[in-house]
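A.B. asks: Residue numbers (my numbering), protein chains in the order written: chain U, 1 to 114; chain D, 1 to 115.
Computed spacing ranges between beta-carbons, pair by pair:
#	chain 1	residue 1	chain 2	residue 2	range
1	U	80	D	68	41 to 47 angstroms
2	U	54	D	15	44 to 50 angstroms
3	D	39	U	95	24 to 30 angstroms
4	D	58	U	96	20 to 26 angstroms
5	D	32	U	40	23 to 29 angstroms
6	D	1	U	112	27 to 33 angstroms
7	U	96	D	2	19 to 25 angstroms
8	U	7	D	29	33 to 39 angstroms
9	D	1	U	80	22 to 28 angstroms
10	U	52	D	112	39 to 45 angstroms
None of these hints come from the bench; they were simulated from the model. Where is the CB? At the ideal position from N, CA and C, for every residue including glycine.
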Amino acid sequence: KAGVTQTPRYLIKTRGQQVTLSCSPISGHRSVSWYQQTPGQGLQFLFEYFSETQRNKGNFPGRFSGRQFSNSRSEMNVSTLELGDSALYLCASSPFTGNQETQYFGPGTRLLVL
Amino acid sequence: QKEVEQNSGPLSVPEGAIASLNCTYSDRGSQSFFWYRQYSGKSPELIMFIYSNGDKEDGRFTAQLNKASQYVSLLIRDSQPSDSATYLCAVTVRNYGGSQGNLIFGKGTKLSVKP
Numbered sequence: 001k002a003g004v005t006q007t008p009r010y011l012i013k014t015r016g017q018q019v020t021l022s023c024s025p026i027s028g029h030r031s032v033s034w035y036q037q038t039p040g041q042g043l044q045f046l047f048e049y050f051s052e053t054q055r056n057k058g059n060f061p062g063r064f065s066g067r068q069f070s071n072s073r074s075e076m077n078v079s080t081l082e083l084g085d086s087a088l089y090l091c092a093s094s095p096f097t098g099n100q101e102t103q104y105f106g107p108g109t110r111l112l113v114l
Numbered sequence: 001q002k003e004v005e006q007n008s009g010p011l012s013v014p015e016g017a018i019a020s021l022n023c024t025y026s027d028r029g030s031q032s033f034f035w036y037r038q039y040s041g042k043s044p045e046l047i048m049f050i051y052s053n054g055d056k057e058d059g060r061f062t063a064q065l066n067k068a069s070q071y072v073s074l075l076i077r078d079s080q081p082s083d084s085a086t087y088l089c090a091v092t093v094r095n096y097g098g099s100q101g102n103l104i105f106g107k108g109t110k111l112s113v114k115p
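Just chain D, same shape as in the assembly (with noise of 0.2 angstroms):
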């Protein structure tokens, strides 16, 4: 069963601070990973993916990627209250033809930002 894993949370960090949010993956094969943002009673907003090993930067948030250990992490800083959400991170996996196919998602972590 391939599986994306979370805490759960809930992660409460100041105003300002740098909330980190953590995934670990379980298919080796994954090539793309992906980072949602979702707000209670919303829909999913994707807000970073990244293929490559390494950091990407986009504004206030970092995806990391480390495909040696199965991680994938967010940094968000300067963090605000409206960032306050339940984050998702996403994986592709394989097809049994090896294409990249569809996504699992982790259950979520909640991040509250307190002012």
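Excised from the complex, chain U in its bound form (with noise of 0.2 angstroms):
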């Protein structure tokens, strides 16, 4: 079976501009968490998505917004970019939600804002 996806793998963009992410889970998994990974927060819960509809959110601000799709591909959209946005971002899947001993994470995306 193959793994969570993500892409791009790596980014580069400037303050201000906008970016979107995309992860494709694992076939037969219909959730997808978000998690954003900085050296000085760790890892923090940023979504949950199940069956296209946002279940869980975590302590984010509006800027930070995420969509799935009926394939329960997912993706995650970031505007008006900041430096500290700068970040290791991580989808993982899961068959259900709230299903976290059976959830799998991606390779992720590092965004770097300059």
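Combine the two chains into a complex, taking the hints into account.
C.D. replies: In structure tokens form, the structure reads like this:
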């Protein structure tokens, strides 16, 4: 079974721009969660989508948004990028919502904001 | 603010020794507890989860949970250089409705196993 895939793997943007990251879950998985990882704050939950609906949301500003398509693929968007948005963005998929024991992470997208 | 605390390390142990990693959490309603391993430059991978008080063993790994003390630990027996990584503790937090929601991660403990 193919794992979780994320595109692009690396991205450089400038302040004020917006960015869209993509995540394709493991086949059959319907839940996709997004996380931000930085050296200072560690791994922080952004949001979770299940069956095209946002089920949980972390404590991030409204500049961070996401969506999920009918094939369970998910995208997250960050508008008006700030320097502090530089991070590794990870998505994780699981068969069902709240199913963390079978949650698998993708390789991540490393975003650098200049 | 719901928190998960870990000693950042680095924790250095000789090859063959037992590595002990500790984690405390603030949400008394948390019911699920996870240990992830993250190699440098890689994404986290789940190595253990535990739901009930006591010990849970899986190969060289033992997870220990004490809900009264809000404490979770991971023991790695016969540590190998390949175990050198950052270990992340994660805990589910309660939603406002009382159901278990998303994961809160600690900042991780860096383990170094010396040959």
